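Visitor: Each chain, letter by letter, is given below.
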Amino acid sequence: MTATAWLIGASVPELAGLAALANALGLDITKALLHTQPGSLLPADWSVPPNTLLLLPHAWVGLAAQMAIVCQLPLVPNVESATPDGQLACPVYGETGYVRYTLPAKGAVITCRLTGNIGAENTVAMPDATALTLTEDARVQVIQTEPVTAAGLPLDGAQVIVTGGRGLKDPANFILIEQLAQALHGAVGATRAVVDAGWRPHHEQVGQTGKTVIPRLYIAAGVSGAIQHLVGMQNSQRIVAINPDADAPIHKVADFSIIADAQEILPALIGLIKSTH
Amino acid sequence: MGLPLAQGRLHCYCKGMNIVVFIKTVPDNTRLRWEGNTPTSTEWMMNPLDEYALEAALQLKGTTGGTLTVISMGTRPDHLKKAIALGADAAALVEPTDAYNPIQRATALAKAALHIAPTATVWLCGQHALDTMAGVTPALMAALQQWPCITGVQTLTPQPNGLQLKTPGTGCMVTQQIQTPCVLACIKGPTELRTPGIKGVMAANRATIPTLALASLGLQPEEPLTVNLLPRPARRAGQVVMPANAQDGAQQLAAYLKQEGFAV
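Residue numbers (the numbering used here), protein chains in the order written: chain A, 7 to 283; chain B, 15 to 278.
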């Protein structure tokens, strides 16, 4: 089995998360590389010693792909967990299952989800980070970056979505949804019930007759979780539900459920986030 | 169905942009069941994010007058036929590789595109497929071709030497210019995939979709990297909190979000 690993990330916390995975695999970390934006192209002569595992956060899949092609190594994407016998588990089919890989003997490029059981705790020692200089791709130019307010951020492609339902009891309470979405740089979503009631516009509707979304984080506040809503959001990577009804279906798909009134939890959460920023 | 693009390198003289869209057929995850370690689904669909890539390609073709080729890996031609009904000019299936070896898969798709649409300068696909969720195919195809790649594309507009793209960032909308040839990965855009007309459906019914063997692309099956599939244990271990008060609930939620890597 390959014994050495290089960690490649854009920040020290990313490297620490990767170190935890390397430790789970029983690997010896021989190098830690930090790359910085705006460069995106790997140097053409970049190489690694034989039988080395390259570990990157999955967010840097473009860089991982270049490394795999340049170094002629297999690519194992989106690893969620690992075992000391070299088994890597990657989620598939809408998070309902895993595909398991064997750690390739000749080395590999591995991209990792730096959430949950990877990177949550890390006390693993690693070498001092050195710089990996990437060159800018002259074929791509940023023309403009326009700030978008949370209320105006489109659901499509949003990393974070905060959705409100009839449990908010009054359309005026949607200001809490907007404020939380803004604090988390996310978009506002709505259930069919509140759209039909005229509380929110149709373009915010999530669900069977609205939009299907797959954000990294979906917060459902005052949402009961009708099946028509669930099919539009249940593939979200992480789901948080805030609803006082412990039997509400939304809690069955949630990773984190708070059995409480959203109108009480949201102001406290917004205040907490604002105080730490 | 003929392959009207395979006529040599005419793109230098073509006014339009020739496009390839890669379409994946995926199971409907909401109806997917696990029987032991085998996922089974009775419902299959075009990967929703590929639908947005296809719609973007149809709009681009409508604007520039280029040609559109659609490629899918596997044995199901249904969604390629739908693309033909909507206005694609050519289509091909590629013999399946190991579904969980992304490099082998991307290599086969890229070689197929170069084989049947050598003049295409814009390769489009969905940001990721709902089955594997990994989203590595566009990046790998770009790396193989040494072409630039942008992911998260919501809208695209033709420009004299490339395309102008809009991609949502964190709290912002980014407008970028990219030179062709390029690979673009699309997310949900402003327009849903159009519905085919009756003439298109009839043309699609008459179309024969060729299958490209891996050997014809110079590829050989490789040793699988995978061990097996297995269902996720019951439900994701959802954490249930009954807070003492609002502040307690907010603190526990903030701690969870921080643990999951969100900036709170």
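It is possible that some hints are incorrect.
Unchecked claim - Distance condition first, Cα-Cα at most 30 Å in a straight line; then the derived DSSO-like pairs of lysine-lysine:
#, chain 1, residue 1, chain 2, residue 2
1, B, K180, A, K37
2, B, K75, A, K217
3, A, K217, B, K272
4, A, K175, B, K75
5, A, K258, A, K175
6, A, K175, A, K217
7, A, K112, B, K125
These aren't lab readings, by the way, just hints derived from the structure by calculation. Keep in mind it's a predicted model, so treat the numbers as computed, not measured.
Visitor: Compare the structure with each hint and give your call.
Guide: These are the hints, each one checked on the structure:
About 36 Å separates the Cα atoms of K180(B) and K37(A), which puts this hinted pair outside 30 Å; it is violated. Using a Cα cut-off of 30 Å, the hinted pair K75(B) and K217(A) holds, with the two alpha carbons roughly 26 Å apart. In summary, the hint linking K217(A) to K272(B) is supported, as the alpha carbons are separated by about 27 Å, within the 30 Å threshold. Annotation: proposed proximity of K175(A) to K75(B) is violated, straight-line Cα distance about 47 Å (limit 30 Å).
Restraint check for K258(A) and K175(A): the C-alpha separation of about 22 Å stays at or below 30 Å, so the hint holds. Annotation: proposed proximity of K175(A) to K217(A) holds, straight-line Cα distance about 23 Å (limit 30 Å). Our distance criterion of 30 Å between C-alpha atoms is met by K112(A) and K125(B), whose separation comes to about 25 Å.
Checked against the numbered hints above, the structure breaks hints 1, 4 and satisfies the rest.
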